[in-house]
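**Student:** The opening position of the sequence shown corresponds to residue 0 in numbering that gives the first Met the number 0, with each subsequent residue numbered one higher.
By construction, these hints were calculated from the structure, which means they are not laboratory data.
Some hints could be false.
What the hints assert, rightly or not - Taking CB as the label site, the calculated pair distances span:
#  : residue 1 : residue 2 : range
1  : P18       : W70       : 46 to 54 Å
2  : V21       : K82       : 53 to 61 Å
3  : L78       : M50       : 21 to 29 Å
4  : Y95       : P18       : 23 to 31 Å
5  : L139      : L34       : 33 to 41 Å
6  : K125      : P84       : 39 to 47 Å
7  : A76       : L123      : 25 to 33 Å
8  : S146      : G94       : 21 to 29 Å
9  : M50       : G71       : 20 to 28 Å
10 : I42       : Y95       : 32 to 40 Å
11 : P84       : I117      : 30 to 38 Å
12 : V53       : L78       : 38 to 46 Å
Said to hold, decoys possible - Straight-line alpha carbon distances no greater than 20 Å define the calculated DMTMM-like cross-link-like pairs of lysine to aspartate or glutamate that follow:
#  : residue 1 : residue 2
13 : K125      : E137
14 : K82       : D62
15 : K29       : E137
16 : K126      : E26
17 : K125      : E26
18 : K82       : E19
19 : K126      : E137
Built from N, CA and C at the ideal position, the CB exists for glycine as well.
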Amino acid sequence: MKTKVNKGSEKASVKSGLPEQVQVAPEQIKYANLLLYGSWAGIAVLAVTFMLYVAGITPAYIDPAQIQQYWGMKSSAYLEAAKVPHGWGWLRMVGYGDFLSLVGMAWLGALTVIGYLILLPAYLRKKDAIYSAIVALEVLVLVLAASGLLGTGGH
0 MKTKVNKGSE KASVKSGLPE QVQVAPEQIK YANLLLYGSW AGIAVLAVTF MLYVAGITPA
60 YIDPAQIQQY WGMKSSAYLE AAKVPHGWGW LRMVGYGDFL SLVGMAWLGA LTVIGYLILL
120 PAYLRKKDAI YSAIVALEVL VLVLAASGLL GTGGH
């Protein structure tokens, strides 16, 4: 429904109650869909792997009855006491339920990089140098940080 609004000598027509149409670039729609569906997939993986662990379907590396003895430890002390690998070493232990659940977390963490890799070709095609550089630097920083090559204690 259109209504006429009079302001002084100006007349404007306004759509009452309807939001203005916003144009969204196709690559941004792809990025948003990746985050939407990818996040739900990650949450589903987290739920399923946790249930497998709690139900005892997958064996536990650390017996659930003994977990509380590790709760107050610093991560370095825990890794040493439990003889757990650091960094990406957990991938070798996904056969254990307490490590299998990390797959969902790793997936959720990777979604940002995957999304940026969707955006980068689109920005390069548009010859958008600033956004291309920002996205490329984001991917570089995130991958470098996750790699553990910097020796900062991350993965």
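**Student:** If a hint holds in the structure, say so; if it doesn't, say that too.
**Tutor:** Hints and how they fare:
1. P18 <-> W70: 46 to 54 Å: Holds - the Cβ-Cβ distance for P18 and W70, about 49 Å, lies within 46 to 54 Å.
2. V21 <-> K82: 53 to 61 Å: Since V21 and K82 have Cβ atoms about 54 Å apart, the given range 53 to 61 Å holds.
3. L78 <-> M50: 21 to 29 Å: Because 26 Å falls inside the window, the suggested range holds.
4. Y95 <-> P18: 23 to 31 Å: Because 50 Å falls outside the window, the suggested range is violated.
5. L139 <-> L34: 33 to 41 Å: With Cβ atoms ~20 Å apart, the hint is violated.
6. K125 <-> P84: 39 to 47 Å: With Cβ atoms ~43 Å apart, the hint holds.
7. A76 <-> L123: 25 to 33 Å: This hint is violated: roughly 47 Å between Cβ atoms.
8. S146 <-> G94: 21 to 29 Å: Given range 21 to 29 Å: holds, Cβ gap about 24 Å.
9. M50 <-> G71: 20 to 28 Å: holds (27 Å)
10. I42 <-> Y95: 32 to 40 Å: violated (21 Å)
11. P84 <-> I117: 30 to 38 Å: holds (32 Å)
12. V53 <-> L78: 38 to 46 Å: The hinted range 38 to 46 Å is violated for V53 and L78, with Cβ atoms some 23 Å apart.
13. K125 <-> E137: Given that 20 Å is the threshold and the Cα spacing comes to 19 Å, the pair holds.
14. K82 <-> D62: With a Cα-Cα distance of about 14 Å, the restraint between K82 and D62 holds, given a limit of 20 Å.
15. K29 <-> E137: Given pair K29, E137 holds - Cα atoms ~18 Å apart, limit 20 Å.
16. K126 <-> E26: With a Cα-Cα distance of about 14 Å, the restraint between K126 and E26 holds, given a limit of 20 Å.
17. K125 <-> E26: Judged against 20 Å, a Cα distance of about 11 Å means the pair holds.
18. K82 <-> E19: Violated, at roughly 58 Å.
19. K126 <-> E137: Answer holds: K126 to E137 is near 18 Å, not above 20 Å.
Figure legend: structure checked against the earlier numbered hints; hints not met, in rising order: 4, 5, 7, 10, 12 and 18.
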